[in-house]
Amino acid sequence: MPLPILGALVVLGICGLVFLVHLMGGTKRPTYADEAEATAALLVDYPEADIRRTMLADDGRAALFELAYGVGYAAPFGEGRLTRIFQAGDIRLVDDGQDGLTLHLTDYTAPRLSMKIAGADDRAAWQARLSNLGGAK
Amino acid sequence: MTAQIEFPDVVQLATPLFIIALLIELFALRFARAKGSYETRDTLTSLCMGAGSVVVGIALGFVAYGFFHWVWQFRVTDLGVHWAMIVLCFVLDDLRYYVFHRLAHRCRWVWASHVNHHSSQHYNLSTALRQTWTGTFTLTMVLHAPMILLGFSPEVVIFVGGLNLLYQFWIHTEAIDRLPGWFEAVFNTPSHHRVHHGRNARYLDANYAGTLIIWDRMFGTFVPETDAEKVEYGLVRNLGTHNLIRVAFHEWVGIFRDVFRSEISWRDRVMYMFAPPGWSHDGSRETSETIKADYVARHPEAKGAPGLPD
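In order, the protein sequence lines correspond to chains E and W.
Under this note's numbering, the very last position in the first sequence is 137; numbers go up by exactly one each time.
Under this note's numbering, the very last position in the second sequence is 1310; numbers go up by exactly one each time.
In case anyone wonders, no lab produced these hints; they're calculated from the structure.
No experiment lies behind these values; they were computed from the predicted model shown.
Idealized CB from N, CA, C, for every residue including glycine.
Incorrect hints may have been included.
If you anchor each label on the Cβ, the simulated ranges turn out as follows [claimed, not checked]:
(1) W:1143 to E:125: 54 to 62 Å
(2) E:40 to W:1006: 52 to 60 Å
(3) W:1143 to E:119: 51 to 59 Å
(4) W:1220 to E:111: 34 to 42 Å
(5) W:1017 to E:44: 33 to 41 Å
(6) E:43 to W:1244: 27 to 35 Å
(7) E:43 to W:1228: 16 to 24 Å
(8) W:1074 to E:2: 33 to 41 Å
Below, computed lysine to aspartate or glutamate pairings styled on DMTMM-like, alpha-carbon distance capped at 25 Å [stated by the list, open to error]:
(9) E:116 to E:35
(10) W:1303 to E:45
(11) W:1230 to W:1289
(12) W:1035 to E:48
(13) W:1303 to E:48
(14) E:28 to W:1232
(15) W:1230 to E:34
(16) W:1230 to W:1174
(17) W:1230 to E:48
(18) W:1230 to E:107
(19) E:28 to W:1174
(20) W:1035 to W:1184
(21) W:1035 to E:45
(22) W:1035 to E:79
(23) W:1230 to E:45
(24) W:1230 to E:121
Given these sequences and hints, build the entire structure.
Have a look at this one:
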């Protein structure tokens, strides 16, 4: 097959298929209905996690967990999920963006995570906790 | 004799079929309630990885091609292009693929290239196209050498390798449940390959087959799909990005970071490159063996089940 035809076919194919997936609802972002659902997601990947406290983001698109050792994170990711347990050295910076927190990680496979937290006190508390992962709480 | 016959690039020729098949699967999901799911960014990532793989193949294909022709001069004989020889070559190449694929999951250097194919948490026909950009760097092209030395020409070897990849396209779907018993016994099927893409403890490191599942049955790596445990697709530690560069190179970056750690021995550095994925010098990471052992410790009733230790 001539290269220009192959190239055109690939570009048009990708654009058309992705647009079709979008039209069929593929861009809809799933959320956790409640803390229990978010907790269940974390426990699938980290069954040994000793959860002391859970906080679901205001839009249900992520959750933070205070663990016996470290802080857990869970978020829907397509049909699946993204889960992490943060230890000392995993977080470079925690940005307070007024309506939520943005975590800048050392993890190349998940460099930046965000979650909506409207409450200023909650944001401040989690920012302080995430910025000081050296010890258990 | 061999050089006078031109073999088509089957993967390039099949590109329109890939698009049509994806359309059929999408419509089956939408209108026939077939099993499976698509997500927009996941699909875009998979398709772009596939397109990138074709581009890299065009740009770097000369490396494997040159190597194959260099080996060809040392052949024992020329087995020609009779159809029976092509069938034999296909079967032997399928065994070669099994060895390659097992290595791709058990040696981090090769896994670094192969991992992106497993990085989607969806399992659909677009996942089949989520192909590597870095296969050339693994040097696993050497696994073709025995066949070429035996007398199968590079053109025949490349042709049957393309057919094998083509076969593997349609098995990346949840829309097809189980096929007739005789077919499931001999051939790789959507059910067998769903297991291969599973991140569940029982499904890790299983079903490496390309076309014929008989290799897994022969070498003890076959694990059947069980209705008792739904397959969870993706990686043990899933990616939190759709960035193509991160998807394509994340494990290479991981190797680089580990190899250049301070205060580890030279043996550790070599192990970080070639030991099974998850190996660490201090045992702080999970390998498929520790994941399976932990699972059995939590679920003693599953001890000895297919894919799990006794």
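Hints, one by one, checked against the model:
no., hint, in the structure
1, W:1143 to E:125: 54 to 62 Å, "holds, 55 Å"
2, E:40 to W:1006: 52 to 60 Å, "holds, 57 Å"
3, W:1143 to E:119: 51 to 59 Å, "holds, 58 Å"
4, W:1220 to E:111: 34 to 42 Å, "holds, 40 Å"
5, W:1017 to E:44: 33 to 41 Å, "holds, 36 Å"
6, E:43 to W:1244: 27 to 35 Å, "holds, 31 Å"
7, E:43 to W:1228: 16 to 24 Å, "holds, 19 Å"
8, W:1074 to E:2: 33 to 41 Å, "holds, 35 Å"
9, E:116 to E:35, "holds, 15 Å"
10, W:1303 to E:45, "holds, 20 Å"
11, W:1230 to W:1289, "holds, 20 Å"
12, W:1035 to E:48, "violated, 32 Å"
13, W:1303 to E:48, "holds, 19 Å"
14, E:28 to W:1232, "holds, 20 Å"
15, W:1230 to E:34, "holds, 23 Å"
16, W:1230 to W:1174, "holds, 11 Å"
17, W:1230 to E:48, "holds, 21 Å"
18, W:1230 to E:107, "violated, 29 Å"
19, E:28 to W:1174, "holds, 21 Å"
20, W:1035 to W:1184, "holds, 19 Å"
21, W:1035 to E:45, "holds, 24 Å"
22, W:1035 to E:79, "holds, 13 Å"
23, W:1230 to E:45, "holds, 15 Å"
24, W:1230 to E:121, "violated, 41 Å"
Against the hints set out earlier in the document, violations occur for numbers 12, 18 and 24.
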